[in-house]
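Asker: Now that you have both chains on their own, put them together as the hints suggest.
Listed in order, the protein sequences are those of chains A and B. So that you can map any letter, position 152 of the first sequence is 152 in our numbering, and since no number is skipped, the others follow by simple counting. So that you can map any letter, position 52 of the second sequence is 52 in our numbering, and since no number is skipped, the others follow by simple counting.
Keep in mind that the hints were calculated from the coordinates and are not lab data. For glycine and all other residues, C-beta sits at the position ideal for the given N, C-alpha and C. One should not assume that every hint holds.
Said to hold, decoys possible - With a straight-line cut-off of 25 Å between C-alpha atoms, the simulated DSS-like cross-links for lysine-lysine are: (1) 38(A) <-> 156(B); (2) 153(A) <-> 61(A); (3) 166(A) <-> 47(A); (4) 103(A) <-> 38(A); (5) 47(A) <-> 61(A); (6) 89(B) <-> 153(A); (7) 47(A) <-> 153(A); (8) 38(A) <-> 107(B); (9) 38(A) <-> 83(B); (10) 61(A) <-> 166(A); (11) 153(A) <-> 38(A); (12) 166(A) <-> 153(A).
To be verified - Chain A is faced by these chain B residues, among others (derived, beta-carbon under 7 Å): (13) 53; (14) 74; (15) 78; (16) 96; (17) 159.
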Amino acid sequence: MRVLRWTIPFGIFVVLVAFLWVGLSRDPREVPSPLIGKPAPTFRLSKLQAPGETLSPADLKGSVWLLNVWASWCVSCRVEHPLLVQLAQENVVPVYGLDYKDKPDDGRAWLAQHGNPYTASIVDRDGRVGIDYGVYGVPETFVIDKMGVIRYKQIGPLTDEALQDKILPLVRQLQQ
Amino acid sequence: MMAVMARAVLAALLLACTAAATTMDPVPQGGNAPGMSALDVRLKRLESELRCLVCQNQTLADSNADLADDLRREVRTLALSGKSDEDIKAYLVARYGDFVLYNPPVKPVTWALWFGPFSLLVAGVVVWWVVLQRRLRAAAGETTDAGTTNDEKARKLLDDNSDD
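So that you can see chain B by itself, here it is in the shape it has in the complex (with noise of 0.2 Å):
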């Protein structure tokens, strides 16, 4: 019996549950809400490539730090004072420094960053090649020493055989 009354509450909470859901707006999570302008569009792209001083694993997009609130708004102040991304991105790297862009620049700095792996992976390819290589020779001249050795026992059993 208190199963079923249980069961009852807790349909009729579902049932609530759903129905205020139906009559919430959704929050728009991710993407562009349709009421975006062309300018908000772009903002929140240039803010998805700009890194929060304060936290600094999220971008100024997605940071609610104060400081990320008030560079929020200078960018937007520049942007509708007719700058260009570039001219933008310029203004905070004079401020904060290239640690502010999530792409860092490619310059002879950060030429370990951008080249590093690549180069590892083109020693690995080589190192690979060259054990490799040397494996092959190694297999290749034990076949035929070990061929001939294998025919004169195979022959000596034969012919150890053929006494019996």
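Extracted from the complex, chain A is given alone in its bound form (with noise of 0.2 Å):
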């Protein structure tokens, strides 16, 4: 009874310190999205460079594919954009992008100053799309596998270590 009454109280405080330790060093931005193992809400929207042609997730069945989620605007996109130039030029994965709420002509001359990584673009005018995927903070880039199915979501702009730790390993996976 005696040690009851020290570890009891003891063991209170380890786990109070436990969920404290896990809790505050979560991100509270970072809300999981309940589209992970769902299929792509599917669009049809025109691309950014061909108004005249049109792009929906159907399209690209078959292969394995990022979404990138930016906008002229977003300011978090161009510290992220390196990243995306240099992963077109090794040429792993096609990275189609959202221009999310954005004009079109300001979408073009982004693309025309920080280097287009994109195979192709499309226009959310509205933020329709964006609804439909969930996005609350561009930019976000979506994995979406071969069936079509959404895989992965990062919030925020990419990093080298989430690139190459979750993406990369993750992209190479879905394509076998």
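Answerer: Below is the structure:
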């Protein structure tokens, strides 16, 4: 009984510390997406660089691809952009851009200035498709598999770490 | 003299302010403005149960974020197309997860959240009860022991006194 007098409070303390340790080290801005493991929401939008043509996720069935949500007004997009440009040069996986709530002219000018890593960008002028994809903080990047299922979502700018540790290994695994 | 003048100026300013206030329409704060339709009332109530993903401690109704604007528009469109409140919530949960709901749903993952505090309360009451019973028992034992010893002490004291 004497031992219990201090082991019980100590145990409670340890549990509390463990909960706080895990809880406080998580980023509250990263809300887990319910779309992981679900088919990518469908859309048919016109391409930024070729307004006459359209693109739908159905057109990309059979290949693994990334959907990167960006905009010319998005400051953090500039941070991740060099990584995307590099990724495009390596030709590992096609990256499609969703120009989110942007004026097409601004989007085209931005790509001309910063380089265009996208196989194609599509224009989501009013953000409707963004809502379907649960976008709430641009940039966001989705990994979509051959069956058209969302397998991963990166919230916020891509980092070299996220790319090397999570996204590229997942892409290689899905490509097999 | 200066003080009197300053006071006069202040009074004039105050008067001007009240005059301006009475000519302006009061800004509706909280509650429902008289001109609101049944749909507006319904939307406002619904939006105050939904979280804005951008400024996470604000409801959709309170947030000025661009996304909140879009989502309010979306909620209105859905409501106008005859969707029920539950349909609209399900629509948003499918896209943004349970996090959009200010009231998290009761399901196995949220059991700890919903029932945790109550189970802690029950555990606390049980501990309190056990400790209380143990103390009462100990106290009861002590008084009987102490009673005899005190009696003996008193008797001894009385005996000692009578010897004098």
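Asker: A separate judgement is required for each hint: does it hold in the structure or not?
Answerer: Evaluation of the provided hints:
The suggested pairing of residue 38(A) with residue 156(B) is violated, with an alpha-carbon distance near 89 Å, which exceeds 25 Å. Distance hint between residue 153(A) and residue 61(A) is fulfilled; the C-alpha atoms sit about 18 Å from each other, no more than 25 Å. Between residue 166(A) and residue 47(A) the alpha-carbon distance is near 29 Å, which puts this suggested pair outside the 25 Å criterion. The straight-line distance between the Cα atoms of residue 103(A) and residue 38(A) is roughly 30 Å, outside the 25 Å bound, and the hint therefore fails.
For the given pair, residue 47(A) sits about 18 Å from residue 61(A) by alpha-carbon distance, which is consistent with the 25 Å threshold. Between residue 89(B) and residue 153(A) the CA atoms are separated by roughly 22 Å; this keeps the pair inside 25 Å, and the hint holds. Taking the CA atoms of residue 47(A) and residue 153(A), the gap is about 23 Å. The hint holds against a cut of 25 Å. The straight-line distance between the Cα atoms of residue 38(A) and residue 107(B) is roughly 21 Å, inside the 25 Å bound, and the hint therefore holds.
Restraint check for residue 38(A) and residue 83(B): satisfied, since their Cα atoms lie roughly 23 Å apart, inside the 25 Å limit. The suggested pairing of residue 61(A) with residue 166(A) holds, with an alpha-carbon distance near 22 Å, which does not exceed 25 Å. For the hint linking residue 153(A) to residue 38(A), the alpha-carbon distance of about 12 Å falls within 25 Å, and the restraint holds. Of the pairs offered as hints, the one joining residue 166(A) and residue 153(A) holds, with about 10 Å between alpha carbons and a cut-off of 25 Å not exceeded.
The interface hint given for residue 53(B) holds, since its Cβ lies 4 Å from the closest Cβ of chain A, which is under the 7 Å cut-off. Evaluation of the residue 74(B) hint against chain A yields a held restraint, the C-beta minimum of about 6 Å falling below 7 Å. Nearest Cβ of chain A to the Cβ of residue 78(B): about 11 Å, over the 7 Å cut. The hint is violated. For residue 96(B), the suggested interface contact is upheld, since its CB lies about 5 Å from the closest CB of chain A, less than 7 Å.
Hint on residue 159(B) is violated. Least Cβ distance to chain A is approximately 42 Å, over the 7 Å limit.
In this structure, the earlier hints numbered 1, 3, 4, 15, 17 are contradicted, and the remaining ones agree with it.
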